[in-house]
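Engineer: As given, the protein sequences belong to chains D and Y, one line each in that order.
Quick note on this note's numbering: the first sequence kicks off at 100 and runs consecutively.
Quick note on this note's numbering: the second sequence kicks off at 1018 and runs consecutively.
It is worth saying that the hints were derived from the structure and are not from the lab.
You can take every hint at face value.
Examples of chain Y residues toward chain D, derived with CB under 8 Å: (1) Tyr1030; (2) Thr1078; (3) Thr1079; (4) Leu1080; (5) Leu1082; (6) Arg1103; (7) Ser1104; (8) Tyr1108; (9) Arg1114; (10) Gly1115; (11) Tyr1117; (12) Val1132; (13) Tyr1133; (14) Lys1134.
Idealized CB from N, CA, C, for every residue including glycine.
Spelled out from the first residue to the last, the chains are:
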Amino acid sequence: MRSGFDISAMLVWPIILASIAFYLLGAKESPRLLFAAALGTAVMMMWAQVIVGAGGSLDNQRVFGTLELLVAAPVPLVSTIAPIMIGSGAFGVYGLVVTLVWGRLLFGIPVMIENWPAFLVALPSCVVAIGLLGLIAAATFILYRSAFALGISMQYPVWIVTGLLFPLSLLPAWVGPISWVLAPTWGFRAIREAALGGPVWSSIGMCAVVSVAYLAISLVCLAYFERLARDRASFRLA
Amino acid sequence: MGVIEVEDLRRVYRSRTSTFKRGMKEVEALRGVSFSVEAGELFGLLGPNGAGKTTTIKILTTLLLPTSGKARVLGLDPATQHRELRSRIGYVFGGDRGLYDRLSGLDNLRFFADVYKVPIREKHRRIEELLDMVGLRGRERERVETYSRGMRQRLHIARGLLHDPEVIFFDEPTIGLDPVGARELRETVASLRQAGKTILLTTHYMFEADELCQRVAVIAGGEIVAHGKPSELKAAVADRTVIEIETYGVDEQTLGRLRGLEGVTSVSTETIDQAQVILVQAADASLVQPLLGLLDGTTIGKVVSREPTLEDAYVELVREA
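Make the full structure from the sequences, and use the hints.
Structural biologist: Structure, rendered in structure tokens:
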């Protein structure tokens, strides 16, 4: 359950992130680049919500003593944790709306969606893919008690290697293959191409491919880490 | 065969002594625990803090793996057949944790009903029944963070019973409750036994075990030191008399002199308000005068001689362990 503070914070974050993109990219003269930066900001917030918000949520479950009840429940753990992750990613859609509104009001960024049907498919595809990437991380959060710190440390590296902070062309070539296996790369591409033009359906397809792969990996990881957590007694703080 | 079978159960906790060094610290929480609980029985596991009660319950509720030994609940192994077992057992623990504070009591029950696979058609009826049973009717739409300790505990019980489990594990359910709340909770537990549920209850309140349990096992230092009916445990110290002497500021040296008196089996103390109550288990009440003689110069309040209770038997068993 999100508090009013979470919703208020989401009003501020887009300004900071969009400002970074606005001045870092020197994109004042290009409305398309500005709009792409605004979309990138929204995807950054989706990942931040999933990895920090959901990491914190799982940490809270441990502190509240509800994590072990979820583990002891008859339904598979994945069915209770996956909605937390995807829900956190969906909260990033609110961030997208806020970003576009702030972008319009503060920087004069126009809202330009070229292919609305593709955009409406790309957005949930991006949310699900990023949420399921977070699900893999969640498996480790169950085992390790410092889940929240781990989440924060995973925020920036993913922003960087998926080209959300600055273009991938600025980074060494070996970063490319890493970005291909990370959902924000394809999610951002899908949303950007739906809005500004490009091979959007192949990017949406890649979102689906990585989502299925993440789900399979997270199922294996959750089963393995749950057993380890039962062995190490790490469901509770004390 | 019992509904719960535990045989030579052992559990060792390992933790690093330092982040950077390789050293490991080991704590042996269970050292070969064995007991069984029959269908429809209310069985008590008694012991002081750190005795191994919660570790035993966590192994039986699939949350922890044993280091060695065997456990069976409803014929299933909690270590390997946890998926089949989880829908057939309930787990209720004491304390403030285990609920979503910012949700209402009703929303907590709705959420856990889904997690515990209560069929949608039955969910509403089941929640209504349980709200009536635990006495939360009328308060179910309030946030849990506004609930008293007793209301939280009642909500815990409702949560643990949502899926109508065959076996229920209660881990110190009355801890921190006021006397009225604790009594109401004991009545609820007793009614569940009458309804045919098999119950394993851990507690360190002896009167609770005496009132509720058909059989008990006393666990201390990770080992079962005694088991049987409460009356059988009491019989082990029935040949003794308990002498309670209310004093103020008796030092350890004086207590040592009391322990050395012939006919005295054990001496323990407990603090009630500002008074120090010395509990002496002795062969008979004739030792009152010699005991008071050894306390010469000490302020003495009330002196009572009585028959031993289950608590006295428990204190003796734990002391010997």
